[in-house]
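Read off the chains here:
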Amino acid sequence: MDIAKTDLPFPGREFLTWLWFKSEERDGAIMIPDVGDIQVTFMRRLVLESGEGLYSETVVCRGFHADLKEGKAALREDKKIKEARLKLGIGTDEYEFTFKADGFQFQTLKLPATMNMTEEDDDKEGRLLERIYLIETAMRTMEQLFFLFLKKRLSPEWAAEEILRLKKWIRE
Amino acid sequence: MGLLKGTLSLSKYRVAGHIPDNFRNFTDTQLKLFSFQELSMSTKEKSIGWTSLENVLDTDFQYANYSLADYLIFTLRIDRRIISPSLLKLKVFEAEKQLIAERGKNKIYKEERNEIRDRVRLKLLSKTPATPSFHEICWNVSRGSLIFGSFSEKIKEDFEDLFKRTFKLDLTPFIPWDREYMEQEAVKLIPLNQ
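Going down the list, the protein sequences come from chains Y and X. Counting in our numbering, the first sequence tops out at residue 225, every number present. Counting in our numbering, the second sequence tops out at residue 1407, every number present.
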């Protein structure tokens, strides 16, 4: 894959915008090859921006899933999502975090409750390794979703189908 | 960051460079060499160094307590003395007033003004306690990936500088659209031929 072929000034923002659209296509379910369906929910808070530096315009939207209408309106003005509060459902585990698209960073990441969390001093190392595993799972899943986007973005299918569906969804 | 409990805010890095054969010994020596040292009541503004994860007062790293399975886990501690700008302004103003009163004339030269400002600043620094901050590090050596518990640009700069001086390795902020990373890793995450 060659990112240069995409001509994307802000790959992270394009990805996050696509992810919102994709998450609404099948009620939050997104299929990752070799992993299966995962659930992606956009929650409470979105930050959208157009341009950069002095010429940037930012819109912040708050509200639950269905109420992010202002976010859609900002997309119609050609703004892209810079930051979003997301919930990922992977198997029975749920992760919640604010995703910062430009630096691919995670803010206030809430991990799924683990079996060992109620134990006090027993097996601290095991508990720490379990938390590291969960952190890495959340990060890897976002990377997989990004590459899913990029693969789609670089394929002929993007111009023929995906972009048309995305534009239609933005207009709705 | 909250590796042990609570929520986490984090950035990811890629670590590259030559890992020496005796890396575990090297790491042990270097972590201790660049461990956190308390700011004495001098006029130094900042102290930065490594501490252990569970006890941020521990800089001895006994029994290699930073090592867990494939990971090296420790904490970056940064202590800063921060002088309130309004307090500095007030104290400089007071010192200038005093000089005027002593000399009996209103004129203060630019050099004198700068000298007063520096003197007042150093005096305030020596009286100001340092404010500590802690940022966790979880480094998977074999995979060459590292998680750092902050995305503040200022803190990341301090971290990158100290990490490079400590371990003599390259550290690059991770973004999946980095060309080199995509060539090496993307195919492992998503089968491209499906």
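FYI, nobody ran anything at the bench for these hints, they're computed from the structure. Hints may be right or wrong, so weigh each one.
In silico lysine-lysine, PhoX-like type, Cα no more than 25 Å apart, as pairs [as the list claims (entries may be wrong)]:
#, chain 1, residue 1, chain 2, residue 2
1, Y, 122, Y, 153
2, Y, 140, X, 1218
3, Y, 177, X, 1320
4, Y, 204, Y, 220
Status of the hints after comparison with the structure:
1. 122/Y with 153/Y: holds, 20 Å
2. 140/Y with 1218/X: Holds - the C-alpha atoms of residue 1218/X and residue 140/Y are around 19 Å apart, at most 25 Å.
3. 177/Y with 1320/X: violated, 67 Å
4. 204/Y with 220/Y: Holds, at roughly 19 Å.
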